[in-house]
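Two chains, two separate frames, one set of hints: put the complex together.
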Amino acid sequence: MLSRIADSLFWLNRYMERADGMTRLIHVHYILSMDKSLSGNSGWKPVLELYTSLSAEVHESIQHNIPAVLKKLLIGEDNLNSLQVIVSRARENARGAQDQLTKEVWEQVNQMYHMVNDHSLKIRLNTNEAMAIIENFSNQTVVFAGITDITMERGLGWNFMNLGKFIERCLQTISIVNKELEIITEHGVDARDILQWRYLLLCLSGYEMHLKNYRSQEHEKNVMDQVLLNENFPHSVIYSLTRINYYLENIRIIHGEVNISLARDFGRLYSKVKYMELQSFTVQSLREFLQELANDLGDFTRELSQHYFNYS
Amino acid sequence: MSSIPILHPYRSLPGTWDEMYDGSTVRPHYQKVFEVLQQADVSTLQLKEHLAGKVFMNQGITFTVYSEDEGIERIFPFDIIPRIITSAEWLQIETGIKQRLKALNLFLKDIYSTQEIIKEGVVPADLVASCPHYIREAFGIPVPHDIYIHVSGIDLIKGEDGKFYVLEDNLRTPSGVSYMLENREVTKRIFPDLFMGTIVKRVSDYPIFLHQILLSLAPYGADDPTIVLLTPGVFNSAYYEHSFLAKQMGIALVEGRDLVVDNHKVYMKTTRGLKSVDVIYRRLDDEYLDPLVFNPNSLLGVPGLMSAYRKGNVALVNAVGNGVADDKAVYAYVPAMIKYYLNEEPILPNVPTYNLSDDESREYVFENIDSMVIKQTNQSGGYGMIMGNKLIEEYWAKAKIDITRDPRHYIAQPIIKLSTVPCFIDGRLQPRHVDLRPYALCGPDEIRIVPGGLTRVALKDGSLVVNSSQGGGSKDTWVVDF
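So the sequence lines, in the order shown, correspond to chains A and B.
Take any residue in the first sequence, count from 1 to its spot, add 330: that is its number in my numbering.
The letter at position 373 of the second sequence is residue 364 when you use my numbering, and the numbering goes up by one with no holes.
Chain B extracted, bound-state conformation (with noise of 0.2 Å):
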C-alpha cells in the first residue's frame, strides 16, 4: 500500500493562528494525532469520512436549510479530524465562563426588578428599553432560586495572538449540543485509534446534568415532577436535537398542541386525559410562547402558558426575557456588569465592538469599513451580517443609508482571523477557521460545563464564517491534559 503523504503540503495561513502547526512544527498537543495522521493514506481516510456521512445520514441527524423559502434536508458536514484543546486552556474557558454567566444572571435579575444597574448609570436605559428582546411581561416574576441562563451556548474565538475571546452570548435557546455528543460518538467510531492511549475528557454525562437541573426546578409540592421539552416540532431545522435530547433524559418531547392551560396549570393530552406539567425545557422562542401574550397569530405556543408561569405553577427553561442579556449591542456592556456585579476583571476579553448611535465611531466604522464586520444586534446564524473586505458597493451604499437611519439595530467589530485547524478536505489536510461553543449548564448549586464544546468549521477555503446555514460544518473537540 503507497502512502500518500497528505500532511506535507500543510502550510498555515499567514497572519493566523494554527492550532496544529506554528509555521515551523506540530504543537506538542497535536503530536499524536499529526502521528496516526501521518501513517494513514488518502483512501482510509476517505473511507472514514464517507462511513461517519452514512452515521448521521441514517440515524437522520439532519437539519434543514432555508433559503427562498424551501427547506432542504441535510447533514450537517462533519469533518473527521478532531480538534484538541489543552486542559489549561480549558481552565481559562470555564473559569471565564462561569464568570460571565455569573454576572450575567445577576444582569437579568436586576433588569428584571430592581434595575440597579441601569440607576448606577453602568448600562444606559434607552439600551435596554429599545432592545427588542426586552419582555415587559417578564418583569416581576420571580424564578426558581433566581436562574435565569440554565442552558447557554457561548461562542468563543481564537485570535491571531492565540487567545480566546467571547464573540457572542446565546443565552435563549442555544442548539447544537446533540452534535457535540454524537461528534463523539462518530469519531470513536471511525477513529478508534487515536483514542488509544489519549485521555480525551467525557462529554457524554452532559444529559444526565441536564435533567438534574430540570428536576430540581420543580415547584414546590411536585414529589414526582413532570418534566418535558417543548419542541416547535418536526419542521424545526434542530429537531433532531430536541428528540435527542428528550430521549437521553427520558422526557416527553411535547408539541405546543399536546399542551393545555387551565386555571393557570399546564397539562399535557394523553391517552388517559390530561396530566399536569412542572417544568418546561422550551426550545420555543419567547414570542412564540404564548399566542395570548406574544404573537397571536403563533400556533407554536401554547394560549395561558405566561399565566401558568407567572403564578409560579411552570417553570420555563431558560427563563424568559433573556435576549436582552445576549443582545449584541448589550454584549459590550458584559466587561462593565462583570465589574458592577462581582468586582472582578473579565476572564474572557470581549472582542472591541463600536456602537454605531455614537456619531464618531459610526463615522470611524464607516471609513475603516475594509477591516469592519457589522451586525444586526436581533440576528442570529450569520443571517444579516456584512463583512467590510467583501463589499458590493451597490448593497454598501444602501446599507449605509439603513444604518444612520436605525443606528441602534447595528453593531460593528474589527473582522478577527478566527485560528485555523486541520481539515480532511478533497483528499488533503488544509486549514481551516474554527469557532469554538462550550455549552454551560446553570442548576442551584453549581455552573457545570461539559470539557469540551462544538467546533463549527468554515469548510469554505478563506471564508470567516461558521454558521451551518452558510456552509459551515462542526468537528468533534478534545479537551485533553497536556
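Extracted from the complex, chain A is given alone in its bound form (with noise of 0.2 Å):
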C-alpha cells in the first residue's frame, strides 16, 4: 500500500472518530445543561477548552451563550477544530485515498462535508432546531463507522484505519476523563454522588453498563476501573490499547517484519495501564499519570508515521 494512502486512510478515520466523541459529548452537555448542575457550573466552559482552539477570555465570555458556544463548536471559522474543520479534513484525505474506500464510505464522508458546510446552519443554530442537528451529526458518525465496517476490505488499510480510529479514541477518552478530574479537584465536589460521574460515563456511552456491573458505592474507584481498565467497555483505555496492539500486530504479519522497536515501544505504553493498580493512585497522581500517557501515546504515533507514512 502507498505510504500516502495509509497516512489518509489513517487520519480519516482518526478525523472520524473525533468528530463521533466531540458531537456525543455535545449532545449530552446540551440536555445536561438544561439541569441545575451539582457544582452550579453548567457553563460550557469545559467543553469549549477540551475541542476549541480558542483562548480563555472567548471561553468565559461566551460559555452561556448556547447557540454561539454550538457556533464556535460545529462551524467557527476561528476555531481550528471545529467540526466542520474535522469533518473537511477528514474528506479530504478520503479524497485523496479515494480509490482504497468503498464508494458507500466515500459517499457517507462526502455527504457529511456538504451537511456541515451548509449554509444555513449558522441561522438553525440559533433555534430549536439545534438539539435535532446535533443529534443528526452525531448520528452519522455512528453511520460512517458502521458503513466502514460492513463494506471495507479487511487488508492492509482497514487496519491502518483503525489504528487512527482507536489512537484518537484512547487520547479522546484519556482527555474526557482528566477533565473530569480537574473538574472535581477544582470545585471539590464530592466525588461519592454518583450524579457527578454519570455526565462522563454518558460521554463515554457506558452509564447503562455502569449501573448493570458496578453495584458498590465507591463510585470513584468504580468508575475509573471502568474507564480505565474496564476489557469490555469499548471507550476504556485499555480497550483501545488492545485494538492497537492487535492492528499494530497485524500490520508487522503482513509486512513480514521482524523485531521493530515500534512494537516494543508500544509494548511498554500498554503494559503501563495494563499492569497498574488504581488504589495506589490519588486523584493528583491519576491525572499526572494519564497526561504521561497522553504524551507517550503521541511519541508512539510520531514513530508509527514515521515508520510507515514517510513519503514526501
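Simulated from the structure, these hints should not be mistaken for lab results.
Remember, it's a predicted structure, so these values are computed and weren't measured experimentally.
By construction, the Cβ of each residue, glycine as well, lies at the ideal position given by its N, Cα and C atoms.
If we take Cβ atoms under 10 Å as the criterion, some of the chain B residues that face chain A in the derived model are:
hint: 1; residue: 231
hint: 2; residue: 245
hint: 3; residue: 261
hint: 4; residue: 262
hint: 5; residue: 263
Dumping the calculated DSS-like pairs for lysine-lysine here, alpha-carbon to alpha-carbon at most 27 Å:
hint: 6; chain 1: B; residue 1: 451; chain 2: B; residue 2: 154
hint: 7; chain 1: B; residue 1: 154; chain 2: B; residue 2: 408
hint: 8; chain 1: B; residue 1: 89; chain 2: B; residue 2: 110
hint: 9; chain 1: A; residue 1: 509; chain 2: A; residue 2: 551
hint: 10; chain 1: A; residue 1: 375; chain 2: A; residue 2: 509
hint: 11; chain 1: B; residue 1: 330; chain 2: B; residue 2: 100
hint: 12; chain 1: A; residue 1: 542; chain 2: A; residue 2: 509
hint: 13; chain 1: B; residue 1: 179; chain 2: B; residue 2: 39
hint: 14; chain 1: B; residue 1: 381; chain 2: B; residue 2: 391
hint: 15; chain 1: B; residue 1: 330; chain 2: B; residue 2: 154
hint: 16; chain 1: A; residue 1: 433; chain 2: B; residue 2: 179
hint: 17; chain 1: A; residue 1: 604; chain 2: A; residue 2: 542
hint: 18; chain 1: A; residue 1: 433; chain 2: B; residue 2: 39
hint: 19; chain 1: B; residue 1: 238; chain 2: B; residue 2: 256
hint: 20; chain 1: A; residue 1: 452; chain 2: B; residue 2: 45
hint: 21; chain 1: A; residue 1: 433; chain 2: B; residue 2: 192
hint: 22; chain 1: B; residue 1: 39; chain 2: B; residue 2: 23
hint: 23; chain 1: B; residue 1: 45; chain 2: A; residue 2: 433
hint: 24; chain 1: B; residue 1: 45; chain 2: B; residue 2: 192
hint: 25; chain 1: B; residue 1: 238; chain 2: A; residue 2: 433
hint: 26; chain 1: A; residue 1: 433; chain 2: B; residue 2: 260
Distance windows between CB atoms, simulated:
hint: 27; chain 1: A; residue 1: 572; chain 2: B; residue 2: 265; range: 31 to 37 Å
hint: 28; chain 1: A; residue 1: 450; chain 2: B; residue 2: 86; range: 49 to 55 Å
hint: 29; chain 1: B; residue 1: 286; chain 2: A; residue 2: 432; range: 33 to 39 Å
hint: 30; chain 1: B; residue 1: 117; chain 2: A; residue 2: 418; range: 49 to 55 Å
hint: 31; chain 1: B; residue 1: 265; chain 2: A; residue 2: 432; range: 25 to 31 Å
hint: 32; chain 1: A; residue 1: 452; chain 2: B; residue 2: 45; range: 19 to 25 Å
hint: 33; chain 1: B; residue 1: 290; chain 2: A; residue 2: 587; range: 29 to 35 Å
hint: 34; chain 1: A; residue 1: 587; chain 2: B; residue 2: 78; range: 56 to 62 Å
Structure below.
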C-alpha cells in the first residue's frame, strides 16, 4: 500500500472518531445543561476547553450563550478543531485515498461534508432545531463507523484505519477523564455522588453498562476502573490499547517485519496501563499518570508515521 | 394529476439541425422517448432532475472551475433527457474515428522517427517545428507496439446538414469518460421506464478494455505488472475521474510524490518500501511529467521519469509528444495524412479551417469575421476563442494585431451551428446545441470505441460553446438499433 494512502486512511479515521466523540459529548452536555448542575457550574467552559483552539477569554465570555457556543464548536471558522474543520479534513484525506475506499464510505464522508458546510446552519443553530442538528451529526458519525465496518476490505488499509480510530479514541477518553478529574479537584465536589460521574459515563456511552456492572457505592473507584481498565467497555483506555496492539501486530505480519522497535515501544506503554494498580493513585497522581500516557501515545504516533507514512 | 404538456411549445431553431424534431414531426428514433416524455408532467421531471443532482453531489462527482485564481467546486450540470444516435450513424462514426486514429498514430510514429511525411512535403516542416507540443526529447524513443494514442476523445459535431464533422482531436489526456459512464448509471436510476423495451448499447465495459490495453504494454519480463494511474492530485479539476478509473480497474492511484526513479527504473513508495512500477496511465500533461526534462518548477511530476521511459523500463499512456498531432493548425492536415498513410478518403470530414499564416486567408477571415470563430492552436477547454458574431470592437482591434504578429498560433473556422437536442430547462423542453466526444482505445490488436460517448451541451440559450468551464453540461448518450 502506498505510504500516502496509508497516512490518509489513518487520518480519515482519526478525524471521524474525533467527530464522533465530540458530537456525542456536545449532545450529552446540551441535555444536561438544562438541569441545574451539582457544582452550580452549568456553563460550556469545559467543553470549549476540550474541543476548541480559542483563548480563555473567549471561553469565559461565551460559555453561557448556547447558540454562540454551538456555532464555535460546530462551524466556527476561527476554531481549528470545529466539526466543520474536522469533517473537511476527513474528506480531504478520503478524497486523496478515494480509490482505496468503498463507494459507500466515500459517499458517507462526502455527504457529511456537504451537511456541515450548509450555509443555513448558522441560522438554524439559533433555533430549537439545534438539538436535532447535533443529534443528526452524532448519528452520521455512527453511520460512518457502520458503513466502514460492513463494506471495507480487511486488508492493510483496514488495519491502518483502525489504528487511527483507536489511537484517537484512546486520546479522547484520556482527555475527557482528565477534564472530569480536574473539575472534581477544582470544585471540591463530592466524588462519592454518582450524579457527578453520570456526565462522564454518558459522554463515553457507558452509563448503562456502569449501572449493570458496578454495584458498590465506591463510585470514584468503580468509574475509574470502567473507563481505564474494563476490557469489555469499548471506550475504556485498555480496550483501545488492546485494539491498537492487535492492528499493529496485523500490519507487522502482513509486511513480514521482524523485531521492530515500534512494537517494543508500544508494548512498554501498553503494560503501563495493563499492570497499573488503581488503589495506589490519588486524584492528583492519576491526572499526572494520564497526562504522561497521552504524551507517550503522541510519541508513539510520531514514530508510527515515520515508519510507515514517510513519503514526501 | 393534471399533466402540463411540456412538449407542445418545443420549436427547433431556424437554420439548425434538431436531432429530435425535423420541423414538422418527431424523428422515428426519438419516438419512444417522446412518448414517455409526453406522459410525464413537469413536477415528475423536476423530481428526477433533483434526484440526479443529488446523486452527483453525494458521490462527489464535482469539478473545479477556475476563474480569477479561485477554484469553486460544482457538479457538472446534467440534463436528464438522453441524446439518441442510431446504429447507422454510429457505424460511420466508429469507422471514421478508427481510420483517423490509424493515420494519426502513423503520423506520430513518423514525426518522432524518420519524418517521411515532411520530406514528401505533405506536412510543412515549419508547422511541426513551431508546434509547442512537439517534444524533441521524445524523438527516437520506441514505444510498445508502435501505439502512441492509447486513449483519445475526438470531438464531433453535427452540422446544419445533419452530417457529422470532426471538430478537434484530443490525443493527450482527454477527460470526461467517467461522466459518460456515470451519466448512464444515473439515467438508469431516474428513467427505468425509458430503458424498458429499448436496447441501448452498453458502455460500461470501457474500464475493462482500458485495463487490458494497459496490461499489454508492460515491459518484457514483467509477469505480474504493476500498473498505476498518475494524477496531478485532489486539486485537479478531473480528480474525480482519476479516482473513478483507478477504482474501476483496481489499480493504484498515485501522485508524483508517491513515485521515485532509481537507476532508470520507476518505483512507488509503499508502507513496505519501494515497489517497481511497469505501466503508468498518466493524467498529467507532458510539460509536468519530469522536472529534469520539462518544466523545472513542476512539483507534480517525477524527476527522472523520462530516463526510465527512454530505456523502455516503463510504459507511459498516452505516449509523450502526442500534442503535435492534435494541434489545431496540424488538424487541417489530417485529411492529407489519411490520404498519405492509408490511401483512403476521410470517412468523417474536417470543418474547413483557415491557416492564418497565409496572408490571403487571413485577409479573407478578417473581412468575414462575423461568420468566423478564431481559436488559439494550443488552447483547449473553450479558452482563447473569439466568436466573430459576438465581437467587442475594442477587443477585436487588439486581437487583430496579436494575430497578425503571431499568426501560427491561431486558426479560423466558419461558425458552425451545432445540432440541437431537447433539454429539460426551467420546466420545459428547449433545444440546445451539443457536440459528441466518443472515447477510443487503441490496443495492440484493435481499436475499440464503446458505443456512445459524452454529449456536451451548451446550456445557455443561444450559446454554441459546450465546454464545462464555459457553462456547458452533459447528457447521457444512447446508441440504439433502429
